[in-house]
Amino acid sequence: MAKTPMAVTFPKKTPAPVKTVTVSGPARDFSTQSYIPEVIRGVSVSMQHFFSNWKDMLRGERPDPVTQRLDRGITTISYPEQKRPYPERFRGLHRLTVRDNGDPRCVACLCCSTACPAQCIYIEAGEYPEGDPRRGHERFPVKFVIDELRCIFCGYCVEACPCDAIRMDTGVHPVPYDSRDQFIYKKDLLMSFADRSGDRRDHNPRHEAGDPTHPGLDREHKH
Amino acid sequence: MPTFTYDGHEIPFEQGESIIAAAARAGHEIPHYCWHPGLSAPANCRMCLVEILPKAGTRAVMLDIVELDQSTGKYCNIQKPKLQPACQMSAAEGIEVKGDSSEHVVEARKGVQEFLLLNHPVDCPICDQSGECKLQDYWLDHGQFQKRMRDEPVHKPKAVSFGPTIVYDAERCVMCTRCIRFMDEVAKDPVLEMRERGNLNEVMVAPGKQLEGHYTFMTEHVCPVGALTTKDFRFKARVWFLRSAKSVCQGCATGCNTHLDFDPRFNRAYRYRPRDNMAVNKYWMCDDGMLTYKRAQDGRIIEPRVEGGVTTLPKALATVAALLSGVPKESVAFVLSAQHSLEDNWVLRQIAMIQFGSNSFYFTAAPDGYADNILLHKDKNSNTRGVRDLVSDAKPLGSLQADIRAGRVKHVIALGGDTPNGAKDAAELQGAKIIVVAAHESALTQAASVVLPATSWAEQSGIYVNAKGMQQKAEKALEPQGESKPAWQHLADVARALGFEPSWSKLKHIRVSLEADTPSTANATDVAMPAAIARGV
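In order, the protein sequence lines correspond to chains A and B.
Be aware that the first sequence starts at 0, since it is given in this note's numbering, and climbs by one per residue.
Be aware that the second sequence starts at 5, since it is given in this note's numbering, and climbs by one per residue.
If we strip away everything but chain B, and leave its shape as in the complex, we get:
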C-alpha cells in the first residue's frame, strides 16, 4: 500500500483516496466541517487546510500577502505557502503533509474558526447540539480566541420549520452543505438548496416543497453544528447526560447498526444515532428506524397478567403450571417471534423439542411495509431470518388460527410480537389457552390467558439476524422496567414450573449452543473508521 506522511506519521492510502479520509482511517483527525466520508467533498468550509511540502528541488507555490506588523503598526509584504484542502486533495505516494506541525495551518484553522463564529449567535444554552457541536470542539482545539467584532452580528431566520421533522436555524449554520448533499446524493430527493451569498447565505427548502420522506433525520445527523435539529429530540435532553449502547435497529430486516442514547438517571431512551457499518447501513438510518427507540418505552408490558388481571410472577407461573399440567403434548403449539432475539427463540425451541417433543412451530411477524433500495426493507421484523435459521418450516400465524379453529391446538406458548393483521388477530385466537412472554402489547397479549413481561431489546443483550443473514449483537442499554425479565429467563422459569431443569442459566451458555446451531455468518461487523472519527464516536 502506498503511503504519505502526515505530521511525521506514515499514512497508508488507497489509490484515489483523499488525504483526510486516509488520515482518518489511520486515526488522525484533520478538523473539518463539510467533509463526510459518505458524501462528496465540496471543500467549502476551509477547515481542513493542510500544507503540502513541495518535492525536493522544486519551489513551493507561495502567495504574496500583506500583513500588519504589530510592533511597527505598518503593513508589510510577506509570502506564505498556499494551503490545500485535505478533503479534496488526493493522497499521492511519498508526499509530506503538515497539519498541526505547520504554523500556517494552525493560523489558518484559527482564522477559519473565527470567521465561522463571526455571526454565530452563541446560543449554546438553548441549542440541542451543545455538547457534541464541532464549533465548540474546534474552538477549544484550534481557536481559543475572544470575539473581536464589536458590531451586532447579522441576524438570520431562526427556528424555521423545514418539514414535519426538522427545524432549521440559519444563524447557527456554517454552510457546510452536508444536508444538501445528503438529500441530493443519498436520499435522492434534492429539496434543499442554498440562497444568497456571504453572511446572508442560508439553506432553504425548494419553494412549495417540504423536507419530508424517509431520510430527513439524517440531515440533522450529518449537521456538524446546531443548525438542523429534530422536532423529536428538541429540548428533550442534554447530550452530556446521555450514555450510548451499541444497539441494532428493530425497525426492519436491514438491521441498521445504531447507538441507542439513553439517560441512566431516568432509565429512558432518548434517541438513535446510526453506527457506521459499511456492510449494513454505511453511515445512515431511515426516519422510521430512528423513531423506533420509542418502543423502549411505549406500549410496554411491565407486569405479569393472568386473564387480564395484574398479578405477581410466582402466581403467574403457578397458573402456567396448572394450565399445562397433564395436557396432551401434541395439543401444545409454540409460537416463535421474528421480533425477539435469537436467544429467546432458541430457548423456546429447545423447550418445545426437548420437553414436549414437539415440532409444531409457528411464528409471528409484523406485516410487510414500505421498502426502497436505500435502506428500508419490506420485512418489518428484526429477526425473521433468525427464526428461519432455527426452525426453517415454522408456519405463519394464519395456520395457527386455523389449527385452533379445528381444535388441533388447545394450548399455546408464545413469544410476543406484532401480528400480520394487528388487533384483528386476537379474535381468531380465542379457542386456545395462550401463555405469552411479551415486551409489547399485541394481539397475542390481548388473547392471552397468562402474560409474562419480557424486557425489550433495549434492556437485554441479544443477537438479531438481518436479511443478509448477518448475526448482529445489540447491547443492553436500560435497566429492566417494572417486573420485566429477559424472555429466555421467563421461558426457563416456565420450564422449571413444569418440572424441567434447563441446562442454561446464563446468556453465554445459550450463545455457545447457538454457535453450533445456526448457519448465519457470525457477527459480520465491519466498522468504518473514517466516519467514526468524523463524528467523534
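Isolated chain A, as found in the complex:
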C-alpha cells in the first residue's frame, strides 16, 4: 500500500525587523590617511615590549628560551654542517651503475620509466656501433634523463630494473638548486655517482654476451 504524504502546513513566521547599528569609521583627515602617526605608535608598542622583556631577562625574572632548551638536552642540530646518519635503505639520489669497462649497465629496456608514477625518466635506446662485440646483442641508453623535480623518490624504478642498473643507494638526498634546469640529471652525471662505499658498479655482476667472461658455449666455440 502506497503511503500518501502527510498534508502538513507550517505557519509562516514574520521575519524579525533587522537591527542596524551605525558605526562611525576613523576620521579621514591627513594624519590618519598618511599612516605615519599610526606607524610610530605601533613601533613604539613593539619597542616597549622589547625593552621590558630585555629588562626582565637582565634582572633574571624571565628565562632565555634557547638556554632553557640547552639545559634540557637539545635535540636540534645545525643542519647543513651537521647531518643525521641515514638508514641503510634510505632512498637518495639515483645513480646509474657502470660495468667494469665504464659502460652503463643500463640496457634501455624502459622498465623504470614504465614503472615510474611521476613519469620523470626519459630514455632513448641505441645500438652499439659496428665492430663492437656487443653490437646486436645489447642496447644501451643514448639518453637517460631524470627530472629530479618531478621524482617522488618512491623507488619503483629500482624495483623495476631487471639489470640492477639504477640504484638509489648514494645516501645523498636531493640537493636544492637555484634554477630548474639544474634538476635535469643526465646520463653522465648519474653515472658519476657512487654508492656510500664509493663503488660505481652494480651489485649484481653478470656475464654478458660479448664479454670475455661470457661462457659462450655454442657450436662456433666447440660446444
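Calculated cross-link-like contacts (lysine to aspartate or glutamate; reagent style DMTMM-like; alpha-carbon spacing at most 25 Å): (1) K162(B) <-> E123(A); (2) K240(B) <-> D163(A); (3) K235(B) <-> E126(A); (4) K213(B) <-> E129(A); (5) K162(B) <-> D99(A); (6) K240(B) <-> E126(A); (7) K235(B) <-> D102(A); (8) K102(B) <-> E118(B).
Simulated from the structure, these hints should not be mistaken for lab results.
Fair warning: this is a prediction, and the values are worked out from it, not measured in the lab.
Position chain B against the provided structure of chain A, taking the given hints into account.
Just chain B now, kept in the frame of chain A:
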C-alpha cells in the same frame, strides 16, 4: 553446421577445419606457437595438445609411462591418455575435446612451456618482442614455474643479419617454423631452412642467399617470439607504450588493412602491422607497405607557405582570395589527388562544380611501380578508384601542363600528392598560379604560389577506395602536426574566403553526401577471427 564440444562449449566447424581454427573462430584460444591460420600446420610446437575423449563404448588410446611418485621417491608405472595436436586434428561431428578442463592438457602445456624456456636467454629487457611475446603470455597463462635447470643454457648465434631488413636471434627461437613456411607458402621464395636437431636447432638462410624481396617483414610479423626482429623497428620503442589505430596502407591500390602503431606521448608513428581482412590482404602486407608508416613524419608540410615563404593561415587565405578574386571561372582548373581520401576529393569537386560551375578536373597520381600476384598492385596510389568514382573523366597531369602552356588554365586549386615524373613536373607548371592543399612535399608544392598544410592519412579519418572498389575507412591515429588541418577543412576555408558558405562542417556531413554519390561497395570489410585471436589483437 556440424559441431563439437570444447571444454563444454558448442563449437561449429566447416568440413575439414582443424579443431584449433574452429575454436579460434568461436572465440576460444587454444595456446599455440606454430599454427597460423594463413599457413600450413606442422604440429611441431606441441603447445596446442588437447585431449579428445573416446566415443562411448570404446577405449581411449592410453600410453604407458613411468612417473616419479614424490611421496615415496619411487618410480611407478601409470597410464595417461594420448593427447592430440589441435592444429592438425580435423574437427569431427560430436567429438568432445578437453583443453583447460583436462589435467593432462594443463600438465602438458606447462611441460611444453618449460622445455621451450629451457635454453631461453630471458633477455626480455633488450628484446623488441617483449610485451607482445607468446612465451611471456603463455608462461603467465600456463606456466608460472621457476626454472629448474641449474646448468648454463645452450648458447646459440645472436643478432644474425638475415638480410637488409631482418635480424635473427637463435637463442630466442622456439623453432615453430612459421617464418620458413611463410617464405615457402606465401612469398614463394624458400630461402629459410632449419639445421641441426634438438637444442642446437636453428633457422638459417640458404647458403649464398639473403632474406630479401618484398615480403620479409612478414617473417618477423608471424614470429610468435623475439627471434626475428626488423632492423627498422629495432630498439625504437617498447610495444606497451604504443597504441594502434585501424588504418589503411597508402602504399598501393590494394589497400591492405593495417594497424598503425603510434606513441601518443610523442605523437609519432612507429610501425604498421597487417590487420586481417580476408577480402583484401588476408593476414599479410608487403615490405614497401610496411615502411609507408614513415610518411606520417617524413617529407611533411606543416606550415602554410606563400611564394615559398612561411606565413600564417589567415594571411595565406587572404592571398588565396586576392589571387582568385575576379578571375574568369573557366581559367581555373581543379586537381584531384589519388593519394587523398574520398572526402577531400569530394569537397574539392563540390567547390569546383557549385562555386565555379567547372567541369575541368585533372588528377595527380604517383607513377606505376612493381607489381606481383600476391599483394602488390602496380598502381601506387591509395585512392585512384575513389577519384575515378567521383569524376570519371578526370584528366592526367600531362594534359594540365599542356593546358597551362596553351594558356587555357591560369589558376589551379589542387590537392597534393606525388606526380608521375616527380620533381621534373614542377617546371611544367610554372605558367599558372597554383594553390595546393598538401600533406607532403611534391612537384605541385614546389610550383605552388600558396601551400596550405594538410594532415596526412594518419592524422585524420578518411575513406579510401581500393582497386577492387571497396571503400575502406582509416581511423585517425596521430594529432595534427604543426599548423596542419584536414584538407577538406582547408578547402572549406578557401571556399569561405571566396565568399561561399559550404553546407558541410563535419566529416559526417560529407560522408552522408558521399554515400549517395559513389558507386563503390560501401565498407566491404571481412575480418577473419582466427588470425585476430592468433595474434591477440
